[in-house]
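Those sequence lines, one after another, are chains A and B. Read in my numbering, the first sequence has 1209 at position 39, and its numbers run on one by one without any break. Read in my numbering, the second sequence has 334 at position 283, and its numbers run on one by one without any break.
In case anyone wonders, no lab produced these hints; they're calculated from the structure. Be aware that a few hints might be false.
What the hints assert, rightly or not - Result set (DSBU-like, lysine-lysine): computed pairs, CA atoms no more than 35 Å apart in a straight line: (1) A:1195 x B:188; (2) B:233 x A:1366; (3) A:1510 x B:188; (4) B:145 x A:1367; (5) A:1456 x A:1487; (6) B:145 x A:1510; (7) A:1173 x A:1339; (8) A:1195 x B:416; (9) A:1459 x A:1219.
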Amino acid sequence: MFKSEELEINLGPQHPSTHGVLRVKLRLDGETVVSCTPVIGYLHRGLEKICENKTYFQGQVWTDRMDYVAAISNNLGWVEGVEKLFGIETPRRARYIRTMLTEMNRIASHLLWLATHALDIGAMTVFLYAFREREFLLDLFEAFCGARLTTTAFRIGGLREDLPPGFVKQARAFQAIFPERLEEYETLLSENRIWKKRTVGVARITAEDCIALGVTGPVLRAAGVPYDIRKAFPSAAYAEMDFEIPTRPEADTYARYLVRLAEMRQSHRIIQQCLDGLPEGPVMAKIPKILKSEVNEVYHAIEAPKGELGYYFVGEKGGVNPYRMHVRAPSFVNLQALPKMIEGRLLADVIAAIGTLDVVLGEIDR
Amino acid sequence: MPPMTLLQTIAMGLIQIVAVLIVVFIMVPLLTFAERKVIGYAQVRLGATRTAGGRKGFTASLNRGMWAMGKVPVLSFFRGLPVFVADAVKLITKEDIIPAKADRAVFTLAPILSVVAAFGVFSAIAYYPGVMFYMPKSWPLIGGLPFNGAIADVNVGLLFILGLASVGVYGIVLGAWASNSKYPLLGGLRSAAQIVSYEVPLTLSLLPAVILAGTLNFKDMSVILSTGQGMSPLAVIPLFIGFFIYTTCGFAETNRVPFDLPEAETELVAGFHTEYSGMKFGFFYLAEYANMIVVSCLATAFFFGGYYLLPFGLQRIIPASVPFLGHPSFLFFMAKVSLLLFVFIWVRATLPRYRYDQLMDVGWKYLIPLSLVNLFIAAVIRYAF
Chain A
1171 MFKSEELEIN LGPQHPSTHG VLRVKLRLDG ETVVSCTPVI GYLHRGLEKI
1221 CENKTYFQGQ VWTDRMDYVA AISNNLGWVE GVEKLFGIET PRRARYIRTM
1271 LTEMNRIASH LLWLATHALD IGAMTVFLYA FREREFLLDL FEAFCGARLT
1321 TTAFRIGGLR EDLPPGFVKQ ARAFQAIFPE RLEEYETLLS ENRIWKKRTV
1371 GVARITAEDC IALGVTGPVL RAAGVPYDIR KAFPSAAYAE MDFEIPTRPE
1421 ADTYARYLVR LAEMRQSHRI IQQCLDGLPE GPVMAKIPKI LKSEVNEVYH
1471 AIEAPKGELG YYFVGEKGGV NPYRMHVRAP SFVNLQALPK MIEGRLLADV
1521 IAAIGTLDVV LGEIDR
Chain B
52 MPPMTLLQTI AMGLIQIVAV LIVVFIMVPL LTFAERKVIG YAQVRLGATR
102 TAGGRKGFTA SLNRGMWAMG KVPVLSFFRG LPVFVADAVK LITKEDIIPA
152 KADRAVFTLA PILSVVAAFG VFSAIAYYPG VMFYMPKSWP LIGGLPFNGA
202 IADVNVGLLF ILGLASVGVY GIVLGAWASN SKYPLLGGLR SAAQIVSYEV
252 PLTLSLLPAV ILAGTLNFKD MSVILSTGQG MSPLAVIPLF IGFFIYTTCG
302 FAETNRVPFD LPEAETELVA GFHTEYSGMK FGFFYLAEYA NMIVVSCLAT
352 AFFFGGYYLL PFGLQRIIPA SVPFLGHPSF LFFMAKVSLL LFVFIWVRAT
402 LPRYRYDQLM DVGWKYLIPL SLVNLFIAAV IRYAF
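Pulled out of the complex, with its shape left as it was, chain A reads as follows (with noise of 0.2 Å):
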């Protein structure tokens, strides 16, 4: 007479907390995930094919589009592929403005992640504070670029302008005010106990298990690996930049959740060294006005706010656009580490996980 059934349900890609268009195929036992299958494409747009058909130049505003709320980072990745395909140096300067605004985005980025973490798990107050202090950068980059997401903030070569006057004065504004902010987010979060009763012990993956599906950025910290590659291989002006890596043991998601605000204190830090010790000089190299590549091919990596965003370039001969581009987003890679957080765990925990991997589906798309 009775007999039980499992309950499949989609979660998204129309769903306040998948995080744009992700949908997520789950089998439910009562609110218990069996099994989890998460299903991407509904935001492709053919970026990497685009790429191909486009100059160098132009190729780095479709960069914009992949991770929209780190465009900044997808730009940086760009153009040091570009110059190390073509052997361009950067000046000084520009490497340091670069840096600066590198490390705001990622405070920008992790600061979206917070407010919309929190709001899942239910805390609406940190969503709208998190958006005040976002809001105080994306000003910064307007001041600096004139957009606020889709940037294009670098060229190939160095910059196209130098800093706005004022800039430097609003940045130091922002330097000032971030660290007690932060606090501020703490105070709500960081020792509530509901907070971690939904956070501590959940969602959780092994640095092992992390390793063989490639995941990386603050996810792989939080789970104790100490990899980095703004320390690995640094680019721009990482290299003369004192900062430490935050990591954390044990690998769920309040340990991310402190990677993440550790990272944010760490960025803050980097933005001083860029203020306080900006060189003068140009901003800009002497570089060719139609770059045409040799047989050349580069895979170049920077450290995005999710992870490892991996830039490949094959150049042909006399070609003035990319033969073949291809990225490796840090999202698209993270999100298979999903099904293994939450198999056997609750409805309420898929939330949970989409949340703290943290990801974009413009760039798992592209």
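Knowing the structure of chain A, use the given hints to seat chain B on it.
Positioned in the frame of chain A, the structure of chain B alone reads:
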């Protein structure tokens, strides 16, 4: 005074019902307005804290005089007040969609059940012990008749209230089931489990008050518990513990953060009312806010000093000879209810949401044992001191 005729009883009853309904129907939108404002200030929401309405148009008409004098209106704190009018208009005029495969009868019945249960409870709540005022002598039929502090002075008022309040959960469960959709189903299941679990500590937390007061009549309980007549001074302890258990369970009963699992928007889209729209959704919405008021009224009456100034039976410190402060007042009651409603909103701005299994843990492993211990303490105090 001669006993009232049947006609007079009916007339007075209707007047009281209408009066209470008007108060509640005003309080609910005011509560949503307060929620916007309080959360707006707590969360630095720019819209809710600064939206003023323009210098032209409907919203400005309320403040036109001040604008004309070149001043920011005194009413500026209340700017945004017309939003709840807009809310009501929106809910009433929106298309009322019934999903094709829904069970139409039950789907329609569910919100009605919810709202009737929520509003029915108000009939047994006493807002003032005894007569509030007398109708003017010159009025026909009802001239000189008393306007009581409660619509119905039921002698088992507490049982009536608890019974009627728990009917409300049927609205949620039936609505979820009738929607014939997966997210509401999960929301309904959560709701059923949650409310069944939290009814137990909720009732157990009220029992010490019943034991100490020795009656189930709402008005008498409230008066005895707040004046502390015939009670040991030690009775403060069980009342204090009971207050916290009751308020915690109250949050769960009204599906408010941190126990808003049945409608957890980030997990279940909108939980049990995902498929509802228009005024049917409006009924659930009304019921939730009405329930908040009910929970606040009960907490106030039994634990928080009711119509008197001081809570937990401490009123005995102030002798009845002191003017105003020593006497029961409708104002004290409403002020305390408002304070508790503020706490509801405040908590919403502060806390994240529990997970389903953790919610059950809190209910069964902590609240029920605690309320049983509290019941024991109350019983000992009642009979030993």
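Pairwise hint evaluation, residue 1487 of chain A against residue 1456 of chain A, where the allowed Cα distance is 35 Å at most: holds (22 Å)
Taken at face value, is the distance from the CA of residue 1367 of chain A to the CA of residue 145 of chain B at most 35 Å? violated (40 Å)
Run the distance test for residue 233 of chain B versus residue 1366 of chain A: straight-line Cα separation, threshold 35 Å. holds (29 Å)
If you draw a straight line from the CA of residue 145 of chain B to the CA of residue 1510 of chain A, is it 35 Å or shorter? Given pair residue 145 of chain B, residue 1510 of chain A is violated - Cα atoms ~43 Å apart, limit 35 Å.
Just to be careful, I want the Cα atoms of residue 1510 of chain A and residue 188 of chain B compared with a cutoff of 35 Å; is the pair within it? At roughly 77 Å apart (the allowed maximum being 35 Å), residue 188 of chain B and residue 1510 of chain A break the hint.
Is the hinted pair residue 1195 of chain A and residue 188 of chain B satisfied, with a Cα-Cα distance of at most 35 Å? Judged against 35 Å, a Cα distance of about 71 Å means the pair is violated.
Taking only the CA atoms, is the gap from residue 1459 of chain A to residue 1219 of chain A under or equal to 35 Å? Cα-Cα ~23 Å, so holds.
Taken at face value, is the distance from the CA of residue 416 of chain B to the CA of residue 1195 of chain A at most 35 Å? holds (34 Å)
Decide if the proposed pair is consistent with the structure: residue 1173 of chain A and residue 1339 of chain A, CA atoms, cutoff 35 Å inclusive. Roughly 68 Å separates the two Cα atoms, so the pair is violated.
When each numbered hint is compared with the structure, violations occur for hints 1, 3, 4, 6, 7.
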